[in-house]
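Those protein sequence lines, which keep their order, are chains A and B.
According to the working numbering, the stretch in the first sequence is residues 1 to 379, in order.
According to the working numbering, the stretch in the second sequence is residues 1 to 325, in order.
Bear in mind the hints are in silico, worked out from the structure with no lab data behind them.
Keep in mind it's a predicted model, so treat the numbers as computed, not measured.
Do not take every clue at face value.
What the hints assert, rightly or not - Now the stretches of chain B that chain A is said to cover, found in silico as 3 or more residues with beta-carbon under 8 Å:
#: 1; stretch: 46-59
#: 2; stretch: 116-129
#: 3; stretch: 230-236
#: 4; stretch: 239-252
#: 5; stretch: 307-319
Each residue gets a CB set at the ideal place from its N, CA and C atoms; glycine is no exception.
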Amino acid sequence: MTALRQTTEAFDPVPGAAAPHLPQQPDLVQLLTPEGERVERPDYSVDLSAEELRDLYRDLVLVRRWDVEATALQRQGELGIWASLLGQEAAQVGAGRAMQPGDTAFPTYREHGVAWTRGVDPLHVISLFRGVDNGGWDPVATGFNLYTVVIGAQCLHATGYAMGVQRDGAEHAVLAFLGDGATSQGEVNEALIWAASFSAPVVFFCQNNQYAISVPLERQSRVPLYQRAAGFGFPGVRVDGNDVLAVLAVTRAALAAAREGQGPTFIEAFTYRMGAHTTSDDPTRYRLASELEEWKLRDPVARLKAHLSRAGLADAAFFSAVEAEADELAARIRTGTTEMPDPPGTAMFDAVYAEITPPLAQQREEFLAYQASFEEGER
Amino acid sequence: MTQTLTIGKALNLGLRRAMEDDAKVVLMGEDIGRLGGVFRITDGLQKDFGEDRVVDTPLAEAGILGTAVGLAMRGYRPVCEIQFDGFVFPAANQIITQVAKIHARSRGKLAMPVVIRIPFGGGIGAVEHHSESPEAYFGHTPGLKVVAVSNPVDAYWGIQQAIAHPDPVVFLEPKRRYWEKAPVDTDATPDPLFAARVLRGGDDVTVLAYGPMVKTALQAAEAAADEGRSLEVVDLRTLSPLDLEPVFESVRRTGRCVVVHEAPVSLGLGAEIAARVTETCFHSLEAPVLRVGGYDTPYPPSKLEEEYLPDLDRVLDAVDRSLEF
Ligand SMILES: Cc1ncc(C[n+]2csc(CCOP(=O)(O)OP(=O)(O)O)c2C)c(N)n1
Ligand SMILES: [Mg+2]
Chain A
1 MTALRQTTEA FDPVPGAAAP HLPQQPDLVQ LLTPEGERVE RPDYSVDLSA
51 EELRDLYRDL VLVRRWDVEA TALQRQGELG IWASLLGQEA AQVGAGRAMQ
101 PGDTAFPTYR EHGVAWTRGV DPLHVISLFR GVDNGGWDPV ATGFNLYTVV
151 IGAQCLHATG YAMGVQRDGA EHAVLAFLGD GATSQGEVNE ALIWAASFSA
201 PVVFFCQNNQ YAISVPLERQ SRVPLYQRAA GFGFPGVRVD GNDVLAVLAV
251 TRAALAAARE GQGPTFIEAF TYRMGAHTTS DDPTRYRLAS ELEEWKLRDP
301 VARLKAHLSR AGLADAAFFS AVEAEADELA ARIRTGTTEM PDPPGTAMFD
351 AVYAEITPPL AQQREEFLAY QASFEEGER
Chain B
1 MTQTLTIGKA LNLGLRRAME DDAKVVLMGE DIGRLGGVFR ITDGLQKDFG
51 EDRVVDTPLA EAGILGTAVG LAMRGYRPVC EIQFDGFVFP AANQIITQVA
101 KIHARSRGKL AMPVVIRIPF GGGIGAVEHH SESPEAYFGH TPGLKVVAVS
151 NPVDAYWGIQ QAIAHPDPVV FLEPKRRYWE KAPVDTDATP DPLFAARVLR
201 GGDDVTVLAY GPMVKTALQA AEAAADEGRS LEVVDLRTLS PLDLEPVFES
251 VRRTGRCVVV HEAPVSLGLG AEIAARVTET CFHSLEAPVL RVGGYDTPYP
301 PSKLEEEYLP DLDRVLDAVD RSLEF
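One chain only, chain A, in its complex shape:
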């Protein structure tokens, strides 16, 4: 049998292994070069004060530190699993900071950086990965929905929510997160269709981190992902996902368009998952170490730091103050995790329905009686 064709030449020539020496992608929105040099783009101009830039840097450092601490906690048996965002800090912080207070985010399971920008307590995310609950934060109060593990499902929720915003005549926008792999799901494609059909005020923010666990982007798409939007009838844009300024600018513009009634936008944040898919994964089985080395040269945190230093916007004292704050955050996360109480057994019964049903209430009673029989030493 002849070998089936596995990939196509039509595919974008700059997937994950893109070397820094390759020419710039003309369609990639970038405002900071990997070396931290500012690039002007009239279509996506941002004018941030020195303080705002320093705040973004602080976000990036703290979010990365949280992530590193969580990975360590998992290794030490304190968490069941952790989905690291390493390498995707700029994409997430940029997107999160582009949101306004009334906007709502629909994350996957990796958007810890967006959670951070919405004021979600890191321990409320940690509790999910520790197996205490399914996320401890209030999705309504934070405008940051609960994590969705079933790939792509949240894109339809975001679209429906946006349709509600639209009906209410509210001037808010919705930001739906998804991965590159998720773009293959039928439900994601349905979301794009619905968003277009109803001109819903929703922005699809796709972090193309080049992999869906082990499967490279080529298996999901033969065109660059942002180009898919055209087929659904709304704009698509590719942004350098490791450039927090560009992500902020592009996402702000898309959210503003949504609020103004111009309908959806699809943003492809071109980035790289620098760590394993989760702590259960072993990426050495499917990708080369050299690829990671290439991407380290585009590190999102180092990039902004280089810019701040070059442009004289921050000094050594600032950088060490941020480091100290990160140390404190890590310590708080560590203590908060190791001291986190286990949930009571009855927790599983308590929120299944608006009001517990009689049969379930009976099961709950039986459960309690059964548990008590151990305490009374009957067994």
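Fit chain B with the ligands to the given chain A structure using the hints.
Positioned in the frame of chain A, the structure of chain B with the ligands alone reads:
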């Protein structure tokens, strides 16, 4: 030849042998090629059989099952891996409305030899959707066959038998037992796929289990024996069709029956079995058929899964209640 194998490795060898035996066997799933699957069940198979036979699919379960239908119509034997139980639902439409019904719809002109491998059940400390027991949904769908393996021998033979079988088979793998070992004689003549098996003889109570709960039931029988109670343990093995003759035979002797599964009790397999046992063995029963299973709640966060999952004590508690009748 007899080798000591884990359930995972037995599945891997069984798949390998099925692929050697029939060039039409195609494995499809997310991360099953280069990575060898998140549980490494297909480890090394893409390297040896190539990317055409072991296909890393796009991330789309409806796509996996829907294209499997077409491949099956074209004479292939697709073996689909669903990464975790909770992710079979995007494919539920294809499985329930198409895979299950095409043979009947075509009045037998179209065969649907599709195998749907699903690592199922809890106990691995995972996040939401990674610990579910969806067997009743599929067992309730005429046209599908549903089996659950509990040990390396059945894993090795069962996967080959399921692939060779002309009907669609939902093949449930007890993920938390993937690392359990036993000797497997790869030259033996296997037991039939759609047959229950009595694993341990006993006189006092008949305990039925399948998949991951078989080990729990055997442990319970061991503990009960220390207290002078003799439990007969039956591994159901096939959930649709059920093979209840050995169960009836057993219950006629013991007069008592306990069914164990991880899935929520209400409207679960246990309900069907209790009804059939009651219908067939009514006059032999000394106690109602009792069910031990998950509570009627979503599978809880992992810190609570020990409380949720039936364990040895809960099986023994039901045995006590049965004997007290
Ligand atoms: C419906 C469904 N199928 C399979 C999975 C298992 N799974 C978890 S993450 C993942 C890959 C997701 O890739 P991508 O969308 O690129 O997001 P990333 O993890 O790279 O952020 C898969 C297959 C799942 N969670 N949901
Ligand atoms: Mg990805």
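Of all the hints numbered above, which does this structure not satisfy? Sort the numbers upward.
Violated hints: 3 and 4; rest satisfied.
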